[in-house]
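A.B. asks: Sequence:
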Amino acid sequence: MIAADRLKTVEEYYFSKKLREVRGLMAEGRPIINMGIGSPDLAPSKEVIEALQESVNGANAHQYQSYQGLPELREAFASFYHAKFGVTVNPANEVLPLMGSKEGIMHISMAFLNPGDEVLIPNPGYPTYSSVTNLVGAVPKFYDLVAKNGWFPDLEVLEQEDLSKVKIMWTSYPHMPTGATASKDQLKDLVAFAKRNNILMVNDNPYSFVLNQSPISILGVEGAMEVALELNSLSKTFNMAGWRVGMVLGSKAHIDEVLKVKSNMDSGMFYGIQKGAIAALESSDAWFDKLTQVYTSRRNLVFQLADKLNCTYDGQNAVGMFVWAKLPAGIASAEAFIDEVLYDKNIFITPGTIFGSNGEGYIRFSLCVTEDKIKEAISRF
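Residue 283 in the numbering used here is what sits at position 283 of the sequence shown, and the numbering runs on without skipping anything.
Hints may contain errors.
Across the chosen pairs, the derived CB separations fall in these ranges [as the list claims (entries may be wrong)]: (1) E222 with E340: 19 to 29 Å; (2) I2 with A286: 49 to 59 Å; (3) E222 with I37: 29 to 39 Å; (4) R6 with A286: 40 to 50 Å; (5) G242 with A61: 11 to 21 Å; (6) D144 with T296: 44 to 54 Å; (7) D144 with E50: 43 to 53 Å; (8) R23 with S214: 31 to 41 Å; (9) T88 with T296: 24 to 34 Å; (10) G242 with D285: 19 to 29 Å; (11) S333 with E12: 39 to 49 Å; (12) S214 with D307: 18 to 28 Å; (13) N114 with G29: 49 to 59 Å.
These are calculated hints, taken from the structure and not from any lab test. All C-beta atoms in this analysis are idealised placements derived from N, C-alpha and C, irrespective of residue type, glycine included.
Let the hints inform the model, and build the full structure from the sequences given.
C.D. replies: Set out below in structure tokens:
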């Protein structure tokens with residue numbers, strides 16, 4: 001049986017392949033420290049766990065659930081966005097729970113893209129934007145992000161190109177993988193750009209609250225609801241990556257189109273997970289303060305490790321659960337560099353190239369590693 005032609009447009013995800021190699025080294029007895037993938041190693045709060053435990057005895061807990069999620073979950077999302085971002089959305093029809101924000105990338109693409117449509121994708125950026133674009137038969141159109149511009153697109157240069165076939169533009173601020181942030185004025189510029197060019201702007205915002213004292217949403221820009229959607233997730237903020245809970249927010253018209261796809265793809269999110277998500281969204285400031293303390297301590301140690309490798313980094317402004325670091329002068333290949341560290345020091349670090357050609361010359365450290373492990377990594381140099 002021959003696979004569909006669409007699979008010729010994508011490859012197995014880098015981490016799927018590389019982590020198989022890393023596991024093989026571990027099976028040989030190597031003491032590998034994995035600083036590659038951003039999977040939170042911390043647990044959700046006890047309130048979240050208790051909400052899940054209590055929910056499983058509910059009368060309807062094990063039945064199919066609504067495609068739109070529990071009304072109280074949508075209300076919790078809306079309340080959270082109002083409290084944290086100052087954004088007001090109607091919980092009835094302007095927010096849609098997702099089984100992780102990653103599925104939202106596929107749902108949005110299927111809802112709005114026809115074969116041959118073009119999609120603006122950041123370079124460097126999350127690889128799933130381009131792979132999903134290819135899978136639905138659309139055409140990736142990469143736009144450059146570079147350090148000298150603060151990893152923000154040069155919209156004037158971009159607008160000189162032919163954008164007539166562009167339907168969607170993907171952004172992610174705070175940016176993955178660099179940790180760069182966007183100001184309110186920059187988000188205003190993105191919204192204005194989308195309006196001028198009749199483009200659906202989608203901001204992927206899962207790192208809003210990790211080492212970020214000024215969380216911001218593109219939907220806080222006046223008029224953004226007309227042209228923008230925002231994805232967010234509980235994975236990083238509440239250590240619930242495996243729970244697969246995310247959301248997409250935007251106008252009723254846009255959400256309705258996404259729901260048409262989603263309602264044909266699943267049969268609703270498990271009741272207990274939704275109840276746990278509600279508890280997470282109601283977390284006090286103490287939860288965010290504790291998260292900041294843990295990641296601050298870890299990041300300071302990773303800075304020391306980067307120093308050992310003679311790498312440079314933005315120690316002041318970058319946010320999120322990674323450290324994006326520039327390789328020492330004279331080092332040409334990020335992949336060769338990380339392989340040398342892997343096989344010589346038994347430490348796995350992500351090469352910047354997996355995020356696009358503008359990631360060459362950079363590596364990315366994950367903060368999802370205990371302080372003891374980071375200290376051990378430092379001691380190996």
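A.B. asks: A separate judgement is required for each hint: does it hold in the structure or not?
C.D. replies: Status of the hints after comparison with the structure:
1. Look at E222 against E340: about 50 Å separates their beta carbons, and that is not inside 19 to 29 Å.
2. Under the hint 49 to 59 Å, the C-beta atoms of I2 and A286, about 56 Å apart, fit the expected range.
3. Checking the proposed 29 to 39 Å range against E222 and I37 shows it holds: the Cβ atoms sit about 37 Å from each other.
4. Range check, R6 to A286: Cβ separation about 47 Å, and the 40 to 50 Å hint holds.
5. As the Cβ distance of G242 to A61 is approximately 19 Å, the hint placing it in 11 to 21 Å holds.
6. Take D144 and T296: their Cβ atoms lie about 31 Å apart, and the range 44 to 54 Å is violated.
7. The supplied range of 43 to 53 Å is met by D144 and E50, whose beta-carbon atoms lie about 47 Å from each other.
8. Remark: the range hint 31 to 41 Å for R23 to S214 is upheld by a beta-carbon distance near 39 Å.
9. At roughly 31 Å, the beta carbons of T88 and T296 sit within the given window of 24 to 34 Å.
10. One distance hint, 19 to 29 Å for the beta-carbon pair G242 and D285, holds here, with the actual separation near 25 Å.
11. Our hint of 39 to 49 Å for S333 and E12 is violated, since their Cβ atoms are close to 21 Å apart.
12. Hint check: S214 to D307, Cβ distance near 27 Å, so the stated range 18 to 28 Å holds.
13. At roughly 52 Å, the beta-carbon separation of N114 and G29 lies within the given 49 to 59 Å, and the hint holds.
The structure fails to meet hints 1, 6 and 11 from the earlier list, while all remaining hints are met.
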